[in-house]
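Asks: Sequence:
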Amino acid sequence: MVDGEKSTSPRSLLGKPLADEVIKGVKEALSDWNFRPHMVSVLASDDEASRVYVDSKARRAGRLGVDFSVRELGAGASQQELEAALRELSADDSVHGVVLELPLAAGLDADAALLHIAPRKDVEGLTPANLALIAAGRESEALLPPTPRSVRFLLRRVLGDDLRGLRVAVIGPGRTVGRPLTFMLNNRGMTVTLCNEYTRELAGVLAPLDAVVLAVGRAGLLKPEHVQSHHVVIDAGINVQDGGEMVGDAMPDLPVRAQTPVPGGVGPLTSALMYQNLVRAVKLQRGEAVE
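Residue numbers (this note's numbering): 1 to 291.
Since the hints were derived computationally from the structure, they do not count as laboratory data.
Just so you know, not all the hints are guaranteed correct.
Here are the computed lysine-lysine pairs in the DSS-like style, where the Cα-Cα straight-line distance is at most 30 angstroms [claimed, not checked]:
1) 24 x 57
2) 283 x 57
3) 57 x 16
4) 27 x 16
5) 27 x 57
Go ahead and model the full structure; you've got the sequences and the hints to work with.
Replies: Structure below.
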């Protein structure tokens, strides 16, 4: 429990305060440049949620002074057309960041498409080259995926900057969150237990751990009977209910030390870190030193 806290009621762990800190740093970096970096989102689907996310990115880009455009391929695009567009954007010196909006239309292969994004323009950190650097423990050379970075930021906010020796469960071994996050936490010295939605006796598995991260996409997966009062729960799950309500993978208000809400937890920080990645991408493309 937090020092001096007597009750077992959860402490809501919000992403916006951290996101504000990140955006402040991004604005300072951009103010030192005599040009506006350009980011392009590639849409190859008719997914409404993707359009909402793209609109949100565009609004934030405008506030930051980043040029933002959308390459609209439509749900009928072929794999060849998609890959050609990504190669073209990757070779265009006026484009500094490329985002492939997922999910793609049925029949399109995201893994194959991501091979055609230049790793140093991959502001979502999903290309095999960036993921391989993470797995090799060479994070300083990579663009890191923003959602796993958000999770690590939030864990550090509660558990402290030094995560070495702490124990965490990552529930959901997906390629965009769970798998890279497992390596990223291990790179900080955490002991990681990788679980999935079928893990048996989940309460027993989680009991001795310090934190639980969820990224499955199954509403209500983590219940009160699964957690302990000392746990920190970071919920990166996104589930849209009937009526449009967005919920996470964990039930709300669990009896834990701290829990991120959905929405309002991981999401705001993820968006901010993507623009921090854009700053880093520009520096890498210029051959400048990065932290």
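Asks: Look at each hint and say if it fits the structure.
Replies: So, going through the hints one by one against the coordinates:
{"no.": "1", "hint": "24 x 57", "in the structure": "holds (16 angstroms)"}
{"no.": "2", "hint": "283 x 57", "in the structure": "holds (21 angstroms)"}
{"no.": "3", "hint": "57 x 16", "in the structure": "holds (15 angstroms)"}
{"no.": "4", "hint": "27 x 16", "in the structure": "holds (16 angstroms)"}
{"no.": "5", "hint": "27 x 57", "in the structure": "holds (15 angstroms)"}
In summary, this structure violates none of the numbered hints.
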